[in-house]
Every structure is written in C-alpha cells, then in structure tokens.
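**Student:** Below, each chain spelled out in residue letters.
Protein chains: 4
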Amino acid sequence: MEFEESGIGEECGVFGCVAAGEWPTQLEVAQVLTLGLVALQHRGQESAGIVTSNGASPPTYTTHKGMGLVNTAFSPEALLKLRYGNLGICHTRYSTTGISELQNCQPFVVDTLHGKIAVAHNGELVNAHALRKKVMRHGVGLSTGSDSELITQLLAFTPPMEELDSPDWVARIKNLMTETPTSYSLLVMFKDVIYAVRDPYGNRPLCIGRLVPISKLHTTGIQIMEDTEGWVVSSESCSFQSIGAKYYREVLPGEIVQISRHGVKTLSVVPRPEGDLPAFCIFEYVYFARPDSIFEGQMVYTVRQRCGRQLAIEAPTDVDVVSTVPESATPAALGYAQQSGLPYIEVLCKNRYVGRTFIQPNTRLRQLGVAKKFGALTDNFAGKRVVLIDDSIVRGNTISPIIKLLKEAGATEVHIRVASPPIKFPCYMGINIPTKEELIANKPEFQDIAGYIGADSVKYLTVEGLVSAVQEGIASLQEKDNISSCNKSSRKVGHCTACLTGKYPVELEW
Amino acid sequence: MEFEESGIGEECGVFGCVAAGEWPTQLEVAQVLTLGLVALQHRGQESAGIVTSNGASPPTYTTHKGMGLVNTAFSPEALLKLRYGNLGICHTRYSTTGISELQNCQPFVVDTLHGKIAVAHNGELVNAHALRKKVMRHGVGLSTGSDSELITQLLAFTPPMEELDSPDWVARIKNLMTETPTSYSLLVMFKDVIYAVRDPYGNRPLCIGRLVPISKLHTTGIQIMEDTEGWVVSSESCSFQSIGAKYYREVLPGEIVQISRHGVKTLSVVPRPEGDLPAFCIFEYVYFARPDSIFEGQMVYTVRQRCGRQLAIEAPTDVDVVSTVPESATPAALGYAQQSGLPYIEVLCKNRYVGRTFIQPNTRLRQLGVAKKFGALTDNFAGKRVVLIDDSIVRGNTISPIIKLLKEAGATEVHIRVASPPIKFPCYMGINIPTKEELIANKPEFQDIAGYIGADSVKYLTVEGLVSAVQEGIASLQEKDNISSCNKSSRKVGHCTACLTGKYPVELEW
Amino acid sequence: MEFEESGIGEECGVFGCVAAGEWPTQLEVAQVLTLGLVALQHRGQESAGIVTSNGASPPTYTTHKGMGLVNTAFSPEALLKLRYGNLGICHTRYSTTGISELQNCQPFVVDTLHGKIAVAHNGELVNAHALRKKVMRHGVGLSTGSDSELITQLLAFTPPMEELDSPDWVARIKNLMTETPTSYSLLVMFKDVIYAVRDPYGNRPLCIGRLVPISKLHTTGIQIMEDTEGWVVSSESCSFQSIGAKYYREVLPGEIVQISRHGVKTLSVVPRPEGDLPAFCIFEYVYFARPDSIFEGQMVYTVRQRCGRQLAIEAPTDVDVVSTVPESATPAALGYAQQSGLPYIEVLCKNRYVGRTFIQPNTRLRQLGVAKKFGALTDNFAGKRVVLIDDSIVRGNTISPIIKLLKEAGATEVHIRVASPPIKFPCYMGINIPTKEELIANKPEFQDIAGYIGADSVKYLTVEGLVSAVQEGIASLQEKDNISSCNKSSRKVGHCTACLTGKYPVELEW
Amino acid sequence: MEFEESGIGEECGVFGCVAAGEWPTQLEVAQVLTLGLVALQHRGQESAGIVTSNGASPPTYTTHKGMGLVNTAFSPEALLKLRYGNLGICHTRYSTTGISELQNCQPFVVDTLHGKIAVAHNGELVNAHALRKKVMRHGVGLSTGSDSELITQLLAFTPPMEELDSPDWVARIKNLMTETPTSYSLLVMFKDVIYAVRDPYGNRPLCIGRLVPISKLHTTGIQIMEDTEGWVVSSESCSFQSIGAKYYREVLPGEIVQISRHGVKTLSVVPRPEGDLPAFCIFEYVYFARPDSIFEGQMVYTVRQRCGRQLAIEAPTDVDVVSTVPESATPAALGYAQQSGLPYIEVLCKNRYVGRTFIQPNTRLRQLGVAKKFGALTDNFAGKRVVLIDDSIVRGNTISPIIKLLKEAGATEVHIRVASPPIKFPCYMGINIPTKEELIANKPEFQDIAGYIGADSVKYLTVEGLVSAVQEGIASLQEKDNISSCNKSSRKVGHCTACLTGKYPVELEW
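Chain order of the listed sequences is A, B, C and D.
Numbering follows our numbering, in which position 442 of the first sequence is assigned residue number 446; successive positions increment by one, without gaps.
Numbering follows our numbering, in which position 255 of the second sequence is assigned residue number 259; successive positions increment by one, without gaps.
Numbering follows our numbering, in which position 284 of the third sequence is assigned residue number 288; successive positions increment by one, without gaps.
Numbering follows our numbering, in which position 287 of the fourth sequence is assigned residue number 291; successive positions increment by one, without gaps.
Hints are supplied without guarantee of correctness; some may be wrong.
It does not matter which identical chain is used: a pair holds within one copy or between any two.
BS3-like, lysine-lysine: derived pairs with alpha carbons at most 25 Å apart [said to hold, decoys possible]:
1. 440 / 507
2. 388 / 250
3. 377 / 250
4. 377 / 354
5. 138 / 195
Just so you know, the hints here were simulated from the structure itself, not pulled from any lab data.
Using the sequences and the hints given, assemble the complete structure.
**Tutor:** Here it is, written out as structure tokens:
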C-alpha cells in the first residue's frame, strides 16, 4: 500500500490568546484558540495541542493534545475541559522527522522551581545538535527529539533558579537567544502572561491581533483601545478574521513582547550581529502562507500576483490562454494573464474529497497518479495552446501527469511557467524539503526538464525577479505605512533564499 | 453545540464496474470501484458501500459498508476483503431523512430464490408511500425506510418466483418501471451481470465508460474494442478520468442496459407516457454535478459559464470588478466577466481545512459565522465596487456575512448576481432542499432581499435564461454529435425545473 | 496470529421489560434492559441490541445495536437515546455462522402494514432451510442469514394482512409455531405489548420476573401485586436480582404469554405432537446457564452439585484431594468432595485479565497454551494425589496442559472426573458445538483418553446419572412447589440429550 | 452518570526480559514481555507500556504505550513494531493522582549524553516532593508528575556526565538510593543490560526467573544453566508460569542486580540504616498479589489460608456454614473452615462480565448497587446461619449490600469475619488508599460496625495475628530453604504495617 506523495511542507503554526480586563472574562478563550488554530491548519496537519491557564496564583493549566486535524483532535469534551482558561497557547504540527507520536505534540509544558511554563515553537534551531549535547551534559535527560523540549529545558536551567526569587523569564529568554540565532517564533506562557518571541533574523513569521467587540468589528472608523476584549498572537494574520480580531502589528525580528491582560509591551529587542540583514523565509510568500495573510505590510496574494506579472515579463509565451494549477498558483496565473494580456481560463477541476486513498502498488491505477485529484475541463481548452502557471516544482512528479492529462484532453501545446526559482538546497530552518537528490533541480533530467515532464517549454522565475516582486511592496509600504510606527523606523529588508541560492543567513556550524 | 448549516444537497452517487474478458482478470475491480466512488464523493458524504461478486455459479458476494467518506469507510483491510471480485457496484450516500445509520447504507443485498441480488439507487421514488403499502400488504416486513430496500423487495416478488426456472430479471425490472415512473438511476447486480437502469424521465444521470489500457489512454487516435479492459457505469463521467476510463455514452431515459464481461447491450427502453418530455434535473447543471462531468453531450462547466454570460445580459451592473463565491460559482463569474468586459478578480480565500467545528452557542464567535470559512483578500478590492456572482441562494444566511466581510474590508459597493432562479418549491425526486418556510425566496424578507442580506443590489437569472443556457449547448451538440449515434435520433430535450416553477414532471399523487 | 480457542457456546440471550401502571412511568426501562442484558452476557458476547417503544399509538421505536460486550455497545449517549421507552426488548448474541456483523445483530425490527414489530430470538429453527425457501418463494428477499429475520418475515406474511383490520398477532404467532416445532424462545414487541413465546418442546429457557419497589425488595413477607413496578422476561432468572425483580414463573413449553402494563396473561399453549415429551436442553444445566439461575424450580448450582455427588458414586478415586477447574466446575467438585469425604482444595488460580492475546504462531509461547490463563497453587498439592473435576471435555486441548501444569508443580497423580457424559453429536437447536471430527469423544484417541491427555485416569458421568441428577430435583419440587400453581399440573418432565445420545426431539427432516 | 467504586489498589507492575546467548536469538522477547505483563494486570489496569532494545551499539529502542488493559494497548501491529528487541522492560499502571493520560505511561525513556535509558518503577518515593525541588533547582523542567520521570532525571544528572567516559550507571543508581530510602522496585534498561533494583527496605516486591526450553519445562530434575533461553524479572512470580520461566530468586532489599545476556550478577547491596528492619508491604500478602505468587519463599495463597485459620482461632462463630466473598477471600474462607470444622459452601456467584456500566444517578437501580456483580446461590444457604469471610473492609459500602442480598435470599444470620485488621492510615509508598475520612475504620459508625453494615456480628483479624500468619511461613522456610542460599543468610524478617498501625518504616519528613 502506498500513500500520496507530499512535496515541501511547513512544520508548524503557533497561536496564543490573552483575555483583556478583569478575569474571569466573558471571552471564550478555548474557542478562540481552536478557531485560530483551524485557520493555521495549512501549516501542520499532524497533531494539535492547546494549553490554557486560568492565570491565578498559582495557576491551573489545562492541556489537551491530539493527533490529526484540529477538528479531530478537539472534541466538544476536550473544549469543555479547557474552557476555564483566561489565556492560552496552541500549536499545530507537521512532523519532519517521521516520528509522529502524541508525545511529540506541542505545546510542551514543564514544571520548574517557579511553576509551570508552556512553550509552543515554530522553526528549527540551526544548532540543535550542539544544544542537546550541552543540555544533556548538564545532566538533563531529554524525552523527545523535539526542539521545543530543548528550548524548554534551556529556559529552565540558565541562569540557575533560586527558589525564593521570582523568576526573570526575560533574562532566560534573552539568554536562550544568545545560545541560538535562528530559527524560532516562540510563545512562552507563564501563569498570566504570554511572551511572544521572534528570532533576531525574523526567519519565521509572528504577528499580533486585537479582539474587538463583534458589534464594532464591521465599522471602519477609529477604534479605541478600551474596546479591546483580548489579544491574540499568531504565525499568520489570516487567523484574525475568523475570531473577530483586527491586525495590530508584526513582532519584530529579535523582539520579546509581553502580552498580558493589560496589553502588549516590548520587553527587549535582541539585535543581530553587526551587518546581518533580516532573513524572513521567502517561501512563506511563495508557497506556505495563506494568501490573505499579511507579512511586512503586504498581502501574500498580492506578492504572488506580482510574481506572476514578473514571470510574464521574464518568460513570455506565444499561446492562446493562461491557466493555473489550482489553487495555490491562481494569483500568479491571474498576474501573468494581466501582464501578458492573454485570456485567463480554468483547465483543471480539483476533487476536494481526495485524501489518502489506499492504492495497491504495481497496478494500472498507480500509473494514473494525479488523475484522481484533478479533472480536465476539456471543452475550455481543446484545440488551444496553454501556458500553465505553477507556484513551484519540487520533485517534478506532479506536473508531469497534469501535462499528459491536458494533452490527452486536446491541448495542442502546454507550456509551463513557474512563479518561483528552482529549489536546490536543503532548509535547516523549519521547512520540510525533500533530500537534495530528490529535488528535480539537482537531477540530470533538469537539463531537459521540458522533455522530462512532457511540456513544450518550461521556464522559472529568477531569484532576482522573486526578490524584487517581494521587496517592491515593502518599499512602497514604507512610504505610506501608518499602522505601526514602531515598525517603520527599525525595519530593514532582507529575506532568506537559502533553498534557492545555498546562502544561509547564519553559518551552519554555529 | 451547533454544527455548520448545510444548504441543498444531492442524495447519492452510484458506480459499477465489470472486468472484460476471461475471469479472473488482472483488473483490480475493488480499487476501480473505490476510486470511482471517491470521484462521486460530492454526491454524498455520509456513508459508502461496495459489493463485489466473483461472478461464479453460484457467485460469492463480498460486502463492505462504512460511515463517512470513502477513504474513511474503506481501510486497506476492507479492500483486501473485496479484492477477488470480477464485478461490483457501489454507492455513496447523503441521508435526507436524518436517519444516519449503517443499516441504511447501500448497496442493499438480499437473498432470493434465485440467489443474491445487490441494488444501488440514486433518486427518490415519487410514489414510495403507496409502494411500501403494497409491498407490506403482500406480507413483506421492511427493515429500513430506504427506497432501495423497497426496490429490492419489489424486484423479488413480482412476478412470482419459481424455483426451477431461471430468473427473468429484465421482466422484473420492467415490471418495477411500470410501478414507479421516477426518479431512479439504478444498478442491479446479479451473479455476473450489472443491469444499469434509468427512469423513463431520465431524472437522475447515469453514463457508461470503457476502461482502456493505460498505455493507450493518452493516445488520441481511434481505439478498438479489443483494447477494453472493463466497463464502468457511473452517476457522473467525472469519475472516468481517475480510473483510466473513456466516456462511452449516457444511459438513455427508460433504458435497461446489461453490462457483462462481453460488453454493453440495450435490453429494453421503457417509454414515457405519450407527450411527456424527459425531465433531467436542471440543478445537476446548476449546482450538484462536478464541473468536468458531461451531461447530454456538454460539459457542466460550460453550461455554468453560459449561465454567467446570460446573467450579465439579463442583469448588468455598473461596478469595477467581478468576483466569485469560491469555488462553485467561479465558471459563472468568469462567464459574467467575459460577457460584461469587467475585470475578474478573487475577493475571498477559502480555508480548505474548515470542517465541523464545535462552537458553543450564544457566544461572540457564533456571530462571526462564515468568517472562519473565508478570508477576505483585502488589497484586491479595497475601495472598489464589486459584483459578486453566486450559484444559488437557498436560505440566505451564508451570503449575508460574506457581504459584511467584504464591506468591512473596504469594498465600496457589493452587488449580488445569482446564476440561477430563486428556489421556491420542494423536490420529491432525490434532492435535499430545506422546507418551503426555510427558503429565502418564500420569506417576506425576499421583497427586499438586498436590504435583508446587506447588498447594494441582488438579481437572479430567469428560468427562461437558465433553460436556454442549458439547452443551447444540446442543440448545437445535436448537429455535430458523433460520439453516440444511438443517442442522436431518440434524444428529446426536457428538464425538470420543479424546484423553481412548481411544475413536476409527473403528478405527485401518482 | 491466532486467538484463544473456544469450546461449546450458547448462542443468545433475550430480555424484555414492560413498565407497569400509567405511562410515562418513573421506571428507567432502558437501564433495566441494559442491566438485565449484562446479567445474560455469558450467553453471548459478540453483539448486543436494545429496542424500546414508548407504547404510544402509533408508537415510536428507538433502536441501538453495537458489537462487543453490552458495556462496550451501550455508551451513555446510546442510553440517553433509548430513555423514553416504556417497554423494550433486547438481545445478546454469539454468532454460530462466523458472520459477525452489525447487520446480523438482534432485535430485528421491521415495518409491516400494521406498524413496526421487533423480534428477539434465542434458539435455532430446525427447519430453517425449508422455511427460507418458502419465504423466498413468496417473493421476499432476505437480507441476512439469521433465523430472526426469517421469523419476522414469517410473522409478517401469514395470514395475509388487511390494512383496515387490527392485527391478530397471536394468530400469526400460532401459525409460526405450526410451521416450526423448535427451537425458539421468542420476544415479539408490538406497540405496547411484548409477546413471550417458548417452543412446544421448551428447548430454550424463558422466565418471567416482577419488578418490586426497592424499599420492599428486602422484605420476606407476602407482596401484593399493587407493588409491581414492571414486568421482565428473561432467558435466565439470574438477571432478576441485579434489577430488583422477583422470580415469578417460567414460560411453559408452547406457551404464548402477553406482557403489558396491565400484567401477565397466557394467550395460548400450543401442544406438542401426541406422546412427545418436553426437550429442555440438558446442557443449560451442565454448562451454559449461570449457577444462580432457576430452571424447572431448581437452582442450576444445586443440579451441578448433584452431578458431582453422582459422579463420586459412579467413579470414585483413591486420592488425597478433590479440586476444580475454575470456575464452572466448582459446584460439581464440592459435590464430589461431600459425597466422597475427600478434602476440597484449590489447585488453580485464574488470571481474570486474560483475554484475547496476540501470540505469533510457531513460537515457544504457543506451546504454553493454557498456562497464561491459570496459575498453579503449588504448595496446596505438591506431593499429593489429585482428582480434578471438570464440567465437560469438548476438544480435549484445554485439560491436557492443565494436567501437565499440575504434574510439573508436584502433583503425584492427576485423575480427571467429568461431571457430564462425552459430547458426541452436533446440536441443531442453538448451541455452537465443534464439528463431529473435532470432538474428542469421536476421535481414535478417545480409546485411551487418559494417556492422550496425560491423566492417570479419566471417567465421565453416565447419561443416566446426569438425567437422574437433573430430574431428581424436579420430582422433589413437584411435591412442595407453591410458587406457580399453573406450572405444577401441566408439567411433564423431559430433556434434550441429543448431543450426548444422538436422539433429537424432532426428526431433523421436519 | 457514575461508575463503580474502587477500594484500595496497587499502583504498578514491572517486568523485564533479556534473551540469553548470541543475539539475535530465537526468543520472541516482545511476546514474553506482553504475556508477562498480562500476568501482572491485577497490579494496574489503566495503561501499559513496553520498551525494547536491540542491544546493539548504539542501541535502537522501540517504544509502545497505550491506555487500558495490555490486550487493548498492544495490537498485533504494536507487537510487530517491537519484535526486533533482544531485551526489554515493561510496565502496567494504575494512576493514583487521577491524571490518567498517555504521557504519564511508563516506561519513561530519556536521551542522555551516554545514550537512551528506560526506567520502569513500582512504588512511591516518600520524599518525592523534596527531590522534585532539588531536580528543578538544578534547572531541570519536569514534564509529568510521575516519580519515574523524577528518578530518570536523578539518574541523568548525578554525578555530572562526561561525554568521553563510559557511564557508571551503578554509581548513579547507588547515588539515587542514597537520595531516597523507599519505596521503589526499579528496572533500568541501558543498551544491552537491565538493572533490577529494590529499595533497602524491600517495600515493593521484585523477583527473577529463568526461561527454560519448553521441552524441559515439565521435567522435575535438575536443570543446568546452559539450558537458559533468557532471564526475566517481575514484580510477582505469578508471571513466570505463563511464559515458561522457572522461579529463580527474589531481588534482596537494597540489591542492585545486573541482568544481561550472560546471566544475573549482584552489583551491590545498599544497606538500611543500622537497626532498621525490612519493610515489605504486608498488604501484598493480604490483598494485592496474585495467590500463586511467591514472596519470601512462601505462596501468597498459603499465607491467606493461614490468616483464615488464625481468624477462626481469634474470632470463632456459632453458625452452620462458612463462605467467601469471591474470589479474593476464598483461601481465607477455606482456612477458616478447616480450622473451625464448619462446612464450606458458596453463597455468591460472580458475574464475570460486569464492568463499568453507566447507571444514571437517583434511580432505583443505584440502590441495588452490588447486586449486578453478585448473584445469591439461594438454595445453598436458605434457612442457615452464615459466617462470611472477607479479605478487608475499606469503605464498608460493598459488604453492606451483600449482607442484604444474603438475608433477603433466606440466610437467618450473617456474621462477617475479616481476614485482616482495619485499615486506618494512608499509605505513602505506592498503594492507593481512600482518604482517612473515607475509611470505615475512622468513621463514627465503626463503633457499631455490625449495625451499620447490617451484619449480626463483625470481627477483624488482629495485627499480631496477621503478622504471625505471615511470618510463621518465613520461619519454617528458613530451615528448609534450599532454593536461594544467598537469601538465607542475609534475610531478616520485617513488614510494613503502616496502613494498620500508623508506624511508617521511615520518617515521612525524610
């Protein structure tokens, strides 16, 4: 038996919520967390976990974790169990290591001399191996292979804890940040506070939203802070709409933000080494993020559309129609169509019920591959020349049967235009990419990629084209930005393109 | 706790497969059935069932049924159990009665004097009540409320069975067809044969495909019958692509087709009453069917696009952009855009992971409704006037929060254009429609529907417009049709519009 | 992988309850049914089902069925669903056919012209095959292989139903009883009444109990009928204690009893053919029934003890101690000890947590067999000669490793005495017995059974000894019986010993 | 909804196995572990876990844990996963803290600088609170509340680890034993060795067995060590029989035993403080252990029987018959009968299928309580005076309805004799006892306990009587003991009676 292949994948999404004002509040924190997590489901489908705290002294934490999608992992009973929380953090996970067990689920909760802390982590520590050695040399046994446990133990043991003093979590977090440069967007919950932390390179996204009264949600005027019902923090802003929150601002690279019932406060901004630029993962724009999310002041959809326009400039085609591999390539396809003046049509219809189907190997059905996922909209393109826009080609084994499908259904030519450059290098910062050998861009067949996949021509966006499509919007934003003044002055622009160029933001031996 | 609302829904999909040639064959019939069923999943998500027969004398039948989606209901173990079949039928179901239990799952298998028969049914018998009485008066106890059991018992008892004679199933099926005019597309499996039956009004779809060797699938030349690896029969042709089958032809209204290892043979065509037209459900075009399916020689997508064009003619708007409620309204929206010359953009992004989420009643989150399903692509339309195309408005409670979402995100005007007429009447022929009172078109608020749902204007396609958009393609087809000559001569055109007009194809007291 | 062997097994238990007085009552009928069924769990562990009726006109029936033990099959949610019943019947099942699926679960409910009936059945129709033909020749399709469905359809079609008349169920039941002589104990629920039916040979047990107010349960004085809270009917009286019911009386062979809110009424007693004696299954005494159940006025435990005494008379031994294969042989062992004057000790300790354990074949552990089920109480018998009493030896593969275990632990001699005669013939009346070839009594090895199983000697109770041990108590009862006067006069004594003697109560070609 | 009450309960069982000779061996270690664990199931039913190691350098560990009984937690798939182990440890658990989650399951596995260790623990550290503080002060975060994690982290951090040296686990274990005096029986697996450790007070049991070839299992002669197929270590010897192992010896109080493929070796015996006696839990004899287990050279059953005899001497009764509350009190009842000369009979029949049944509160059925668990064997005792032997009375709410049951069924007098003294004090060493307030012996009603529970008289065994019944067998053993010479010389006799006397073996502030 064999399952569907998967290409590249995001590893995790994190989300947190603190109810504002007097506790207990009317805010159904567990429900907000669940819905927030559902909106981040595209970042990880393997397991989900929520920890809530009532915020009392000492606090009561309630934890629920489960395998599978959020809606599977959280039954009504589980939500009932969590409902007394006044704040909480949660996590959705995709395993990179292949070890997919409940015990690896986040958030990770441990008891320390000062009480319990809960940690949710998106990213991958570049120096995890050395840090594990260090922690174990100190005499700590590690029960999982996850970076989250490692981070939690690092937070627990340095500087040494003194029973009588109150804990200085900020010092501990800053210490952690000196031990490891990237990549992490972290939520640390302690009693009645969430610390939201982004690594100095800002490699993984993290942003803050404000829960406003529903009655005032659909007004467009100025809203005063007194209306705030709570604060949320999330890997992506796409989760705000579904819970009635307004986008507030990004957490800056290196910033430690304290979120409490009293509001949002910057505690520290840990700098990068002199001369280093930020290194926000450019693939969040290209592929991972939901199109309605906002990074660096611009909507992901808009960036993808610009990539499509740029692609039309860099790699025009003489065809009859432009189309998309649904659904992620659609913004780029529409951008390509607008720039080129060619008509945009749909050529494929997606079966939204296709999931993991058990297909016996060595049968005729194995050879049909992608056909059970897509249906050809034959009459739309029979007898026409098609340029098909895809967002990325990883292994090359998905696009090939699509091209066959279109040709068999009557397309006279099929040209492929890819709205991102070829992926050639592994990611050590939280993205699950096939091994170097599996990447089509590293195979001999890449020399005649068009022939290999059966296309009439194949062209990719250049790295320069991608970077300019991404950064163009940020530039224009900086002029008109009036949302978060704190962002404007300190913003430097820089993106991690390591998987495309091999240039990693930090030395890997770090 | 409350779950997502659902609007109108198809009740069922049926699918069958017979391996050609000598048995046992290399064709993995159970796998073909499973994949065929996955492709019909949009027609019913509540339960699934497969029955295979080895076709021997006497035959061994193997049955597996399960609740939920096909991929949930059929584990690898279940498929192993079914794998020795040389033919089989299967069914996917959506319950209209609210009784959602395994025992109502189809196919229905019963033992008769002549051996076991298996029946899978799509549709709803208009005179089910009277037929139940008749069967029970004969002394038969009915263990479920399903029409399928009723059909099976009707097939079993008339004419009386004689142990020594071989059964004349065709006579029994014809007798059944005289007892009930509509609506049914039926698959009846007996030993080594599948009988595919469509009611005289052709109310529900049914078509036949031919499994060709994969190596010859992607050639476009003429294929000879010797290449046939098997025959499939399906509610919709969209299932053919995913199993390597070629569209062969529709089952005609009233036709009884025998499918065996030797091929496809028409056994009888039961006529309609003099003067009656066919009554193929027009909502299969509008809403239910997958866009890549072919009915009456035309692709569903194309019909929907024509509806959009017609709508642009009937109900133009002075706006900046055209958009869609994804995904089903997209063909109509593209048609509207092409006809009107307005630019097509995307305004909503769908969270494909939203499923049933448990939301406590009476909370702020309840009020957010649809927001967890759609994200607004703000930058695409902020400051613009939008005409939003929807395929149908049933209760009116989904479109309303979408309009709020768009306005809140900056749309200056939102006009709604609906690519079908208002639904006003119940369906008694297999479609699950809310009660008359729940339908927005029958509520007082319909007088000011735009005000009620918060739109700047609302307009519907006319019944005439819809019918002409549907039939225009058939007409053009009849001239160029070279696929199924048997269809051409006998084809009369007619569609059931009962839910829109109250004109039912047969008297309901039948 | 291989599972534990099982020897002979009862097929089913049935139970019913009707609340007395005005409805709705305070009696929690669904709970009474569940607990009653739990007490019959030893009669079938494969699936369980309950159907309740609110008794209204027309009635609402609620059904729940599930695989496994009662406590597994009935969740709190299922019980909530059933809780509005004022009467109900239930069933626990052990499959003889190997087809273990939810659809074969009883009670079987069907809709007839007069409304729904529910049927629960314990037994096996000796002429099932001929009856199936008859039903199918009438034009009824049978959806399962179970006798219950067959009975239900037989009840439904003869005599023919007339819509306007009220149904004469008693006539239908009597008609059924003329069609099939044995074996069945039946509960038929229709609207507000349960018909309790026992076949003319009384092959399977059935008895009636009276629910009394808990406050009066532990008084020993006379109780008046006005105190009755409800009536229950059960395969065995052992279920009465756990629900607060008092034993009322047995249903007589051939009797049709109507149980309603108004009480218990005999409607008819269908006679046996002239000269035939009753044929109550003697193995209910020997093995199947719970020891605290009462049949024919005597406690099962007492009969087993008498079998032990008789065995001591028929087959004495010169040993030091008497012991038992726990737990079912303990009454016989104590009887043997009392009769012989030898001390009774325990030699085996049972691991009550042993269930189905997955053991790979061909390993050393396979050879250990029974050892994981029993532990030897070494110090109790080391250096002693033991006579071990077993209730029956079916295949001979359980007793053999027990003897090895005892010898290895130090027993100097192990003699086996079996408190029933050898089983040699199949049962066609509801008991699951291994095939004739599998029965040790039919194997060549039976000639030297002691050598084969490793015992120092093996002796069985004679058929005459068993029958006299069973019937001796009935005789004494008839003199002092003051419980059910209706029983006394009409009681004739007779038992089915077919599995021991090959003499079946009715001709099998019937 | 309410579940069955539970009284006192053991917390855990541990089991380990090492295959002897060259690896990979033919010994199916995972199966041995599973069956061994099944035999310890009475010590914990909440969860089960197995860790196997292939013993290679570095080793591969495989872990499987699950909730529920062993047979539920370990599917065939799980066993397949574990099958390559050459050694392994396992654990079955009953939660005392009420936190019943998979993450608390043992064995606990952590990665250290020297590799992974796995720990399984039976007992409860008397100074757990102080040790937690100490570990956390060192900077270790603890992810569960379990002592096992605490032990594991203590083993990991003292003395400090050095990457280059090989680990001195014995020093670490000895260090742990200086940190905490009791109570623990521990299995620590590291690569290719299991360390079996018992605390200096020997509070929890632990013993070693030898796997012999099945062919030689049932011989009684001398067996040479070369026949050894592997070594097992277990909380109780009752698990040996079911896997084909012979009892070898107990682990001594304070002993650290190394079990490897080469055999069993004592590494160290950590002494108690001068003057302290051993403190083996006396309730292992009274209640927890399986009767066929051997502690201190005597069979548990024999001790219970002696308790019954002693009880007959201390508390005789003038009655007609002696009986038992099955099944645990049966040895004591037989002892009482032998000593008193009264006949032993059975008065109760246990429904072995009663499990957790959902009973709604405030109903008549609630009041029936125990009746669904036991049936009265009426005819055995009607009109007689009964002395009923119970092993212990904890809360007093189980025995009371049993007495009612017997009286209602006709017993003229019911006297209760308890084969252990009243439980008055909490246990801090691994036994789950109700709170002091819940114990019947601490309630005012205890003054008239007979009246309170409805008995004609109630008497308990004295502490002195219990201790002498336990220790009498050990004394006699020491003279004839020829099994484990190493035991004989060093054995001192002493038992923990803290729950009866309040005298704890160590100061609780330790």
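**Student:** Now tell me if each hint is right for this structure.
**Tutor:** Hints and how they fare:
1. For the homomeric pair residue 440 and residue 507, the shortest alpha-carbon distance inside one copy (15 Å) is at most 25 Å, but the shortest distance between copies (64 Å) is not.
2. For the homomeric pair residue 388 and residue 250, the shortest alpha-carbon distance between copies (21 Å) is at most 25 Å, but the shortest distance inside one copy (45 Å) is not.
3. For the homomeric pair residue 377 and residue 250, the shortest alpha-carbon distance between copies (17 Å) is at most 25 Å, but the shortest distance inside one copy (36 Å) is not.
4. Both within a single protomer and between protomers do residue 377 and residue 354 lie at most 25 Å apart by alpha-carbon distance, with minima of 6 Å and 18 Å respectively.
5. Taking the shortest alpha-carbon separations for residue 138 and residue 195, only the inter-copy value of 22 Å comes in at or below 25 Å, while the best intra-copy value is 28 Å.
In summary, the structure agrees with every hint in the numbered list given earlier.
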